[in-house]
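**Q** Listed below, chain by chain, are the residues.
4 protein chains.
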Amino acid sequence: MPKKIRLGILGGGGDSLIGILHRVASQINDNYEIVGAVFNPDHNASIEFAKQIDVPTNRIYKDFDTLIEEELKLPEEERIQVCSVQTPNFLHYPMAKKLLDNGFHVICEKPMTMTYEEAKSLQESHTKSGKVFALTHTYTGYPMVRQMREMIKAGALGKIHKVDARYYQGWINPIIHDKEQRSSVWRLDPTKAGISSCMGDIGVHAFNLVEYTTGLDVKSILCDFNYLYEDNQMDVDGTVLIRMGEHVKGVIRASQVATEEENGLAIRIYGQKGGFVWEQEKPNFLYYFEEGKPLQVYKPGHQYNSEFSLEGTKLPPGHPEGIFDSMANIYLGAARAIRGEAQNDGAFPTMRDGVRGMNFIEATVESHKSGNVWVELD
Amino acid sequence: MPKKIRLGILGGGGDSLIGILHRVASQINDNYEIVGAVFNPDHNASIEFAKQIDVPTNRIYKDFDTLIEEELKLPEEERIQVCSVQTPNFLHYPMAKKLLDNGFHVICEKPMTMTYEEAKSLQESHTKSGKVFALTHTYTGYPMVRQMREMIKAGALGKIHKVDARYYQGWINPIIHDKEQRSSVWRLDPTKAGISSCMGDIGVHAFNLVEYTTGLDVKSILCDFNYLYEDNQMDVDGTVLIRMGEHVKGVIRASQVATEEENGLAIRIYGQKGGFVWEQEKPNFLYYFEEGKPLQVYKPGHQYNSEFSLEGTKLPPGHPEGIFDSMANIYLGAARAIRGEAQNDGAFPTMRDGVRGMNFIEATVESHKSGNVWVELD
Amino acid sequence: MPKKIRLGILGGGGDSLIGILHRVASQINDNYEIVGAVFNPDHNASIEFAKQIDVPTNRIYKDFDTLIEEELKLPEEERIQVCSVQTPNFLHYPMAKKLLDNGFHVICEKPMTMTYEEAKSLQESHTKSGKVFALTHTYTGYPMVRQMREMIKAGALGKIHKVDARYYQGWINPIIHDKEQRSSVWRLDPTKAGISSCMGDIGVHAFNLVEYTTGLDVKSILCDFNYLYEDNQMDVDGTVLIRMGEHVKGVIRASQVATEEENGLAIRIYGQKGGFVWEQEKPNFLYYFEEGKPLQVYKPGHQYNSEFSLEGTKLPPGHPEGIFDSMANIYLGAARAIRGEAQNDGAFPTMRDGVRGMNFIEATVESHKSGNVWVELD
Amino acid sequence: MPKKIRLGILGGGGDSLIGILHRVASQINDNYEIVGAVFNPDHNASIEFAKQIDVPTNRIYKDFDTLIEEELKLPEEERIQVCSVQTPNFLHYPMAKKLLDNGFHVICEKPMTMTYEEAKSLQESHTKSGKVFALTHTYTGYPMVRQMREMIKAGALGKIHKVDARYYQGWINPIIHDKEQRSSVWRLDPTKAGISSCMGDIGVHAFNLVEYTTGLDVKSILCDFNYLYEDNQMDVDGTVLIRMGEHVKGVIRASQVATEEENGLAIRIYGQKGGFVWEQEKPNFLYYFEEGKPLQVYKPGHQYNSEFSLEGTKLPPGHPEGIFDSMANIYLGAARAIRGEAQNDGAFPTMRDGVRGMNFIEATVESHKSGNVWVELD
Ligand SMILES: NC(=O)c1ccc[n+]([C@@H]2O[C@H](COP(=O)([O-])OP(=O)(O)OC[C@H]3O[C@@H](n4cnc5c(N)ncnc54)[C@H](O)[C@@H]3O)[C@@H](O)[C@H]2O)c1
Ligand SMILES: NC(=O)c1ccc[n+]([C@@H]2O[C@H](COP(=O)([O-])OP(=O)(O)OC[C@H]3O[C@@H](n4cnc5c(N)ncnc54)[C@H](O)[C@@H]3O)[C@@H](O)[C@H]2O)c1
Ligand SMILES: NC(=O)c1ccc[n+]([C@@H]2O[C@H](COP(=O)([O-])OP(=O)(O)OC[C@H]3O[C@@H](n4cnc5c(N)ncnc54)[C@H](O)[C@@H]3O)[C@@H](O)[C@H]2O)c1
Ligand SMILES: NC(=O)c1ccc[n+]([C@@H]2O[C@H](COP(=O)([O-])OP(=O)(O)OC[C@H]3O[C@@H](n4cnc5c(N)ncnc54)[C@H](O)[C@@H]3O)[C@@H](O)[C@H]2O)c1
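Chains as they are written, first to last, in full-length UniProt numbering: chain A, 1 to 378; chain B, 1 to 378; chain C, 1 to 378; chain D, 1 to 378.
Keep in mind that the hints were calculated from the coordinates and are not lab data.
A pair holds if it fits inside one copy or across any two, identical chains being indistinguishable in the list.
Think about it this way: if two alpha-carbon atoms lie no more than 25 Å apart in a straight line, the pair counts; the simulated DSS-like pairs of lysine-lysine are:
no., residue 1, residue 2
1, 179, 293
2, 128, 73
3, 293, 282
4, 369, 219
5, 3, 51
6, 4, 51
7, 62, 3
8, 179, 159
9, 273, 179
10, 293, 273
It should be emphasised that the depicted structure is a prediction, and the values quoted were computed from it without experimental measurement.
Only chain A is shown next, with the shape it has when bound in the complex:
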């Protein structure tokens, strides 16, 4: 393995939720070193945080534009190679675009952009740039998710005819039922959070999981949202009927008011020869139904798994790895892509996943607003 890749961080400060996940994930396989960052919009906070986590402060910039400007002045072999964008949603597009346009690789949080329009524009920049773009749909890094994908590719289910995905959380429940709170939280303010809360934040993970595991595209959708209160303008719950081709149908269910649910992402896929069930909160158990046979429970690290799944496990079977390890697998995939190494095509979610995700989110809103009618995805 060559020297560590020089990583820049945008967002993910000490006050953030997701920063720790990226930082740890980037270190897990000894591939990255943080050399520069804008952790916070407040420069002092950024520097304070850099000290706390013992990152040298000389390349902690006062803002994103300065980071680009200054880094470009450095010799290429010192310069940040890849930036990880962990800022709030509305900053993903401008940051990612400028990074690609200036020759940086990008690792970017979801949702990729605020609109489908932006997504397509970013895709153009990406194509022109020739750089690596990885989207952190975290759950695709789990060894058992990868095992599903590989087994489906290898025909374990035969022709798929039904997909059922769910992402249920409950954290908005106490907020939505409090008039005060539901009108003040930024998540439920469309001017700040974008056109969708539930579908944009978590439904899109479920959508991505569906396409990632089945290898099929969602062709059209019909969506019904629930807002719970007249004075709330953002979906906090929704069900989406999906069609994935001739006689391949399914449903994506998402909720932020499924009281006391935590992070209930799950998927069921059924085909002519078999079926799969997987649940994010017990990520190391994959249930495989084979026509006429007892249910089989796959677990990570066993030799019966595919190579791609096995490479995502660091310890022998029975040592539970979790979400940090899953994200680390995505960072590993990105590292290899940056180094130009060959690898499995599911090693990390790509620009295409991001574009499709934005297409999906806008389609759900359109479908709901138009009275729950079918809307085609591109």
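Knowing the structure of chain A, use the given hints to seat chains B, C and D with the ligands on it.
**A** Just chains B, C and D with the ligands, lined up with the frame of chain A:
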């Protein structure tokens, strides 16, 4: 307890699937004695079967009409009091109607009738008759389903805003993918099986469970079916968006091609204060999510349960009772009603459940055929 | 099937815990008819109960001896064929012995007798009588327990080297910690309950399950009891090391103070080629570990099960049957034996199981009292 | 937070199993920086590996003694502060002792030493040194294990009376049944692996978990091993009866031939007021039985947890953290101790745990060899 109730059986012969469930259930609480029957259309088969299970053969009639005729000749204190209708679907309506019209109580399998029209007609007969009519939506007899209903009534969830029910089976999977088989099996022949396969056979159970547990009515639905093959005219899979009132939404999912799923009926209900999850294949575990508290797992027979739930358990906690015991609880409710004893209003599914079930089934077909549009239930 | 077998009941009155289980179990497969009984020592109570459950009162006898006397006067084709002994422990031996000596078949609750001495004496009577004797170790009737037995016989585990059984209950916990209660409850009074509480009541079920499933005999044991309080003379908890032959070892754990455990009987069996895990409270799930393969989950009713297992299931997969159905399978086995029909040798626990059970119970007490030393079983 | 702690690594090379766990764990909370190491006995391999993981090679020493010698020459503010000992068992004692004697803090793998004698000697060095010594009983870092400990301390179980721990693995199964393999693998060679295989390698984890969670000391033990073959001299399976004081009893079960079990560490603790069940392979679910209440399922990150448990979680509920995160919590505790910060006394396993562990292992061997008799722990 007075003498056992004199029970007549229609259908449920030795060749049937469901007969054993009814026979055992009727005996479990020592309330019924089988005194007459038409187990099969073939009289000899009926008599043979009566001998096998040691039921006196003198009142094994050659057909249903004869049963009515002959029984009416008997003095009232010898006559069959209640008939259990376990014949194929198309016979439920004519049999149940004639029974009610002639002063018999009725226990009837689902779906109650072939059409919504018939259902309303049967309701009229029922109202006129003043007799007991119990519909065997078997799953409503489970102690933990009854516990859900009672806790919801008592406010454990606060205002409900989301319901999600599923009934996934896989047994049609090997049939549907075989051209020969799918065109010959009566289940997929609309002239024999009625207008719906998946929704009529199992979706309706999920629908009933939703209304039974929440105490809310489904107001309107939007449905999408999957037929899998062009040459198949019956739904084998479908998803139904439901609305149960102002900002109360949900989904009912049903499938007969969820490969190797067995009898996967399950429900999730979420409200302002809490949520419930229950699965039919692990019927003795009820998961209660209370806002801000650890998940609680309710089990039958414990003193913390409601009286209604407790009365459905015969042994101390930890002795798993199952589907026979669940059906027995419905038979127990019917027995008490026949005897005119006061009891919980959820003791057995009623004519109203049957009427609503047929309304639901027809609405799903209408919605699908009309291009997946909203259809109101009455 | 010939006419129903004429069944007599001893004990199991309306005030009893276990009577309902036997009554329902005897009816489930249409094999038995209750024709006579002494439900309670109080004759009036017996008659009242007979009326309640609608059993004719003419053969409800005032006591056991009268039952024998009067029944013997009846012509053989009317006489009780088999008696089910459901009285308190100390009555099992005298009743079962007199029944066998007078030519009745016997179905008997566990523990079979109060002492090993009595067990051997009963065995003699049994041998002489040539009658059927079935011991109701209820759990051996579960389809998945029978599946384990058959697969082990067929070599699924190869040579077994380790067995681990557990039976944890918690119901004595609130009693034992209350000085008043623990000195007054008859269960903890050795003059009434016999030499052992925990091992005699539930440990013996675990012991039986070990021998039933593995087909191996326990050769020697070493036991340590816990009494919790100095003033309590009965074991309420204990662990037993077991040896089942050359390099085949294991452990049986039993407790009545495993706080809030319900009926936690479970077994793990490991051999050269594979392992099994089964838990009584989820009786329809059998976990099969095969060297080098994903865990397999067996469930009742599937064609991949053995014939013996399949015959214990009445409905298709996914319809949970429970403890009543398990006991019914034992009653079915006894019925066939009474009729002299050929069947699987595990169809019901036998006299041998009873004798070995008493040997085990006495050995655990001896081992503990002698300072936790090894004691051989015969 | 001050600058990162300067960490040295002994063992844990690219060919090792456990090295990755320590490396990742040390980075997770940004507390440590690897500045020196002897990853392998072969110096070139050590240097190669350092390059691979991008650790500067100038302080990769040719052997342990050189590391000590050279580091001591460095100014204190550059010198390694703490060494992590991840070498094979026989090297733990000499390395840890010399490190302490020379003023280094130590993080050490289990079993702490080869003999109880060595353990006591190391304890002396430790006391004299005044340095931090942390023993990596990995499982004590799980948030739910810590929650158990805190709730027990706070009285959630009342007086404990029963403990039951299990550690079942299956990986030796294919080895032991192959004559060739079982005589060649170093794990089963007492001259290389020490006096015990199963108890020394995994039983000691279960023992530690028992003492860590209950806060009670094991006072005496009685052990029975299984060697499976005459020509094998090392225990591959064993059961240990334990006594933890007046009327507090229990059992520790360990196996390396529990076919296809992975890393099956589990514990059950019962007391007057309640009980706990926890399983390592589903580490984020803690089952709490409270007398008279429904079972409660605790999960990490919720506000109902203790402060100590909460501090071991990095993301909101529902994001599964695993074994790397558990080990990271132990490294975090060690870091704070090294910096002299106050913290929970369960922040990491200590020298006392190591001494007791060795005492336990030797006692089990003594008990077994003496014919399964009680042996006191000191
Ligand atoms: N993949 C996943 O599973 C997952 C989970 C949670 C969040 N996310 C995504 O991660 C992103 C961040 O979410 P979060 O919950 O951590 O948000 P957060 O609000 O907790 O943190 C955002 C961070 O960005 C910093 N920031 C804001 N503006 C900035 C600017 N102009 N320049 C630099 N830094 C700036 C803030 O100071 C803060 O540290 C979101 O897009 C969210 O959708 C993804
Ligand atoms: N509640 C539930 O969970 C559940 C489960 C399965 C079936 N069912 C319902 O039970 C009914 C029966 O289903 P099944 O699977 O047992 O069907 P089946 O075809 O296996 O059995 C039908 C029985 O009815 C008898 N029969 C047919 N025509 C008759 C006639 N004219 N007179 C008398 N007997 C006649 C047949 O001989 C047979 O014994 C159906 O309506 C089905 O929807 C309900
Ligand atoms: N197989 C199992 O899983 C299981 C479970 C529970 C109990 N049991 C066994 O069943 C037996 C009964 O247990 P229980 O809990 O029902 O006891 P119980 O005390 O609840 O009931 C005993 C019944 O026997 C009657 N009786 C007492 N003396 C009698 C006499 N002389 N003649 C006739 N009837 C008499 C009583 O009136 C009462 O109806 C016990 O031996 C017990 O070990 C077995
Ligand atoms: N805490 C846990 O759960 C856990 C799990 C596994 C192993 N362990 C313990 O970790 C230790 C290591 O186990 P492993 O499975 O990684 O062993 P391993 O044999 O896979 O690795 C040992 C490493 O030590 C190196 N080494 C050997 N001699 C050395 C020397 N003289 N100087 C420097 N390096 C040397 C080897 O080159 C190798 O890299 C053992 O003591 C084991 O008991 C603990």
